[in-house]
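So the sequence lines, in the order shown, correspond to chains A and B.
Quick note: to get the numbering used here, add 910 to the position in the first sequence (first position is 1).
Quick note: to get the numbering used here, add 910 to the position in the second sequence (first position is 1).
Warning: the hint list may mix true and false statements.
No copy is singled out in the list; a pair is fine if it fits within one copy or between any two copies.
[Claimed, not checked] Below, computed lysine-lysine pairings styled on DSS-like, alpha-carbon distance capped at 27 Å: (1) K1359 / K1519; (2) K1274 / K1314; (3) K1501 / K1399; (4) K1314 / K1522; (5) K1519 / K1150; (6) K1372 / K1526; (7) K1276 / K1429; (8) K1307 / K933; (9) K1180 / K1507; (10) K1522 / K1180; (11) K1359 / K1429; (12) K1522 / K1507; (13) K1501 / K1452.
Think of the hints as simulated: they come from the structure by calculation, not from any bench.
As the structure is a computational prediction, the values presented were derived from the model and not from experiment.
2 protein chains.
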Amino acid sequence: MIRRLKRFIIGRPLKNEALADEKYGVLWGLPILASDAISSVAYAGQEILFILIPAIGLLAYNQLLGIAAAIIGLLILLTLSYSQTIENYPNGGGAYIVAKDNLGVLAGVSAGAALSVDYVLTVAVSVSSGVEQITSAFAPLRPYTVLICVVLILLLMVGNLRGIRESSKIFGIPTYAFMFAIISMLIAGFIKLKSGYVPPTSDIKTLEPITLVLLLNAFSNGCTALTGVEAVSNAVPNFKEPPTKNARKVLIILAIIVFTLFGGTSILAKFYPVVPGEHGAMLVQMAELIFDRGPMFYFVTATTFTILIMAANTAFSGFPLLISVVAKDGYSPRQLTMRGDRLSYSNGIIVLSALSILLVVLFKAKVTNLIGLYAIGVFISFTLSQSGMFMRWVKNKGDNWIPKAIVNGFGAFVTAIAVVIIAITKFHQGAFIVVFLIPILVYAMLKVKKHYVAVSKQLRLKPEEMAEIDVERDIYSNHVIVPIESINKSSVRALRYAKTISDNVIAFNVSIDEESGDKIREKYDMLNTDIPLIIKYSPFRKVVDPLLKFIESAEYDYKKGDMITVILPQFAVRSWWHRLLHNHTRVFIEKELLKHKHIVVSVMPLQLKDDKFVLKSGKYD
Amino acid sequence: MIRRLKRFIIGRPLKNEALADEKYGVLWGLPILASDAISSVAYAGQEILFILIPAIGLLAYNQLLGIAAAIIGLLILLTLSYSQTIENYPNGGGAYIVAKDNLGVLAGVSAGAALSVDYVLTVAVSVSSGVEQITSAFAPLRPYTVLICVVLILLLMVGNLRGIRESSKIFGIPTYAFMFAIISMLIAGFIKLKSGYVPPTSDIKTLEPITLVLLLNAFSNGCTALTGVEAVSNAVPNFKEPPTKNARKVLIILAIIVFTLFGGTSILAKFYPVVPGEHGAMLVQMAELIFDRGPMFYFVTATTFTILIMAANTAFSGFPLLISVVAKDGYSPRQLTMRGDRLSYSNGIIVLSALSILLVVLFKAKVTNLIGLYAIGVFISFTLSQSGMFMRWVKNKGDNWIPKAIVNGFGAFVTAIAVVIIAITKFHQGAFIVVFLIPILVYAMLKVKKHYVAVSKQLRLKPEEMAEIDVERDIYSNHVIVPIESINKSSVRALRYAKTISDNVIAFNVSIDEESGDKIREKYDMLNTDIPLIIKYSPFRKVVDPLLKFIESAEYDYKKGDMITVILPQFAVRSWWHRLLHNHTRVFIEKELLKHKHIVVSVMPLQLKDDKFVLKSGKYD
């Protein structure tokens, strides 16, 4: 029944051949890869204001422009830097690969850990922000914010388990729709101002001095506008020929769009000084002032919501792919490399959903609460990736390498400074979680690798072991023990089977006292077999300990290194409730015995028939 | 770690020899067996008033006396009836045994179901009432009523899992203390009245006519005073010589005590007309009027609480014992016959705790809510037990059988009428749950028995099967298949083992495509073994289906009825977190294959060494 439910939700299994990649050009590559970066416009500006308004009131809108300019400067630098990564990693240059290639395992694993944290936060922040847009337009939904977020994440999970492809063109449309909506709003907003409209000014009184700490804190929030910029460089092989060129084009157009939308909304906010918070999200409030509650207002709200959910969806393909690559290298559990029935990396998708739901619930789906954790992971991976590129130039040299090294080096330097700024200003607002979590993850990943190396070393065959299979062995080296509880069809079947695999069989019984032991022996003698029966007495009602003790005792003719096969008879019943009616000592005994070297556990099932059939037919009387 | 926690809570395992029964005489037998019946005094009178006061105001106290008289009449009848049961069942005559012996399986199973429900309710009602006494004296505790009840039940559970014996004499003291407290209160109460004290009269205005329905409803509540009277007849073998005589003595003294305490408090309530409910339990309120808040007040409260918890505790030995007897007869899951490490019937104890916690939570630990469910189960078992005794006299005759048959027959008749009264008056107040639950339980118990009969029929050996074990079999009838994922020490070990148990071995591999299949074959050829390797291709990433398909195909030389052994190599890792790093396909494959006839699954563990050891020593390089 559970299986049928799973089929219904996830769909029928797909064959491996279905795993052919769709390739895209600039037109569709742009919206698909850009949704994460572009959607940041929905929260980055607003989160800057959140820091500034309570401190400096209306002056915040002036400072917003300055901070936006700094962030756009960073954007341009990152675009130059990553355009060089694209050129050098035509097979995809995620921070994990670039850092591992050029800076070594520790840096690579650190980038992997930072990116993993980042993906989880992308889901949590994007979904929370998306729902904030909706609840800003429809206030009655506000009490259900967390619930709506959780349901959306679960839908994304199911969709991705079914194997939604990021590459589907439908996924590109919301990005264009969002761009259209925001640009329309910018144009309409400025036209409305020209025509003499004066937006209402909020009455904000708190006035504190503008301090560097305040500005850096606001800058840290603004840095979230740059998350997702690296997506293009990961996806180079997904582009049509010539991939490198197409990818670079997309990266540059992406930068221009983020520049336009982020810059544009920041300027517009100066003239429409809405206060995000209680009255809802900044974009939605501005849209209401500009369009009233007309169709365009709902269009802005809907497209903003949609692009944010699309942004969350990119993490659902990015995270599982990243950790599957990490897992293939042995730094995370191998199950993460396995594709599910629908060819998606199911385990990764489930892990991502669980963690992001946890975050959404803990932080009550408030972007402002989550933002403190967000940017730091991204910027750590930026820094590692750029440093990697810098080292690459220094090591490999090549044509014209010095200016290229300077670009990546400067990129690494600036993003490293951003990491420090974010870590300090946001430490108490959640960044400390990430700061402690990443080293813990790195430690765990190295431990995992160590384990896999140790396992593969132990599994490696030595040349002399290759030819061992067909060597004739002493017939008595194959010991078989059949534990029996009572004499019935099941135990007789097990003894019969034992005889076919060895001439060295014993039956073994644990009785509570001599009386019940004698009863067993009496019945056993009726079987007329030459298999000896060993009876041990145990006041405890367990079979494993007496059996192991017997094997180790002098009584048992067993040479160290011989194999012992223990045959466990088992009923296989037909329905779940019948299963409740039999004790599961078999499972327990199997688990205990398998802890011991040289013991093979053979489970011999006896298929039981339907109760009704047995009771009706005289066959079993 | 979990195991260590269990040890800490439950204690070290005990040997079977520790299971020697303590025998008791009249002095200690009385308090130990009587706590359930005597403790009913704490709620039975009060629950009668709960029905009457809202309808007829102060007249309730007069009617209370009448109803108490009727119940005491019933008590006398039951004492006579059960005294005859004791005489005839010196090995213990619970309702289940008496009804099954004399009325057949259906009646026995019905009594078993009714008693099981009764035991669960004894715990829920007694603990709820006990806590009500405490919260009556200490009002600030009232909001935590449910929590306190749950904690108390969990403590009783742990105590009984550790193997507290009901027979411990310490358990007798609270009963005597309670008797002493209530009798002191009765005496002090009447002396206070003689000395001219006039208790405050509550101002109750509601006045409705006294109807038969009202009185019967109140009577139904009062019937709960008789729960626990049957305990003595169950426990006859636990008495010192002469057991029958001692048990009868105890039963009669018990009846006298219940008579005194229940009758006495009912009369006292007429003079101290307290209103149970918001201001707390009846006994506690009366104690406050009589003793003020002096030491005797606290003594009454404390002993009432304690005897109620002791009463709940009797269910913790009664219920597991009952269902273990039922399980031995095959009417409930066999696991219930197994004693735990501490020789208590752990499964029964856990089931009882879980169900009674469920009731306490659902009914908010209010005795008044639970009382509607309580008496009916007890009275059904009274009726079945007395009817069984009646049939016994009619069938077996014997000396002077007619008056004895009349006593039991009249007992059955009267309790049957009580069942009907309770079922009708309490139907909407919860009795309907029990009325529907008992037939469902009976149906389930009969189904369980059917299953066990069907299983034992299938396990029964026919004479010709007895001598089958040592028959020589065709060497090729023993097929062995070793599924291999890759060529390593573990798979080579499995192949080597396969060779020792059969000459008819194949290796089996499922590859995703030809490329990986060729790689496996190339490596396999280096092993130089004569075991053939079969490679199948499957686009799905599963091994079970291709394997089963292969076995059924003409390609495989397999005659129906031959055994196939499938050998599954497995790593055994050393720590729980290492276990997370390997997929558990083995468990899944084993489960799937065991559904098929004639397949034996052999699990071959490879014990992995500690990572550090492997990585340090050069041995594995």
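Taking the hints in turn, this is what the structure says about them:
no.	hint	in the structure
1	K1359 / K1519	between (48 Å within a copy, 15 Å between copies)
2	K1274 / K1314	neither (44 Å within a copy, 73 Å between copies)
3	K1501 / K1399	both (24 Å within a copy, 22 Å between copies)
4	K1314 / K1522	neither (80 Å within a copy, 43 Å between copies)
5	K1519 / K1150	neither (59 Å within a copy, 49 Å between copies)
6	K1372 / K1526	between (60 Å within a copy, 18 Å between copies)
7	K1276 / K1429	neither (71 Å within a copy, 53 Å between copies)
8	K1307 / K933	neither (32 Å within a copy, 94 Å between copies)
9	K1180 / K1507	neither (74 Å within a copy, 77 Å between copies)
10	K1522 / K1180	neither (81 Å within a copy, 62 Å between copies)
11	K1359 / K1429	between (55 Å within a copy, 24 Å between copies)
12	K1522 / K1507	between (43 Å within a copy, 20 Å between copies)
13	K1501 / K1452	both (14 Å within a copy, 24 Å between copies)
Violated hints, listed in ascending order, are 2, 4, 5, 7, 8, 9, 10; each of the other numbered hints is respected by the structure.
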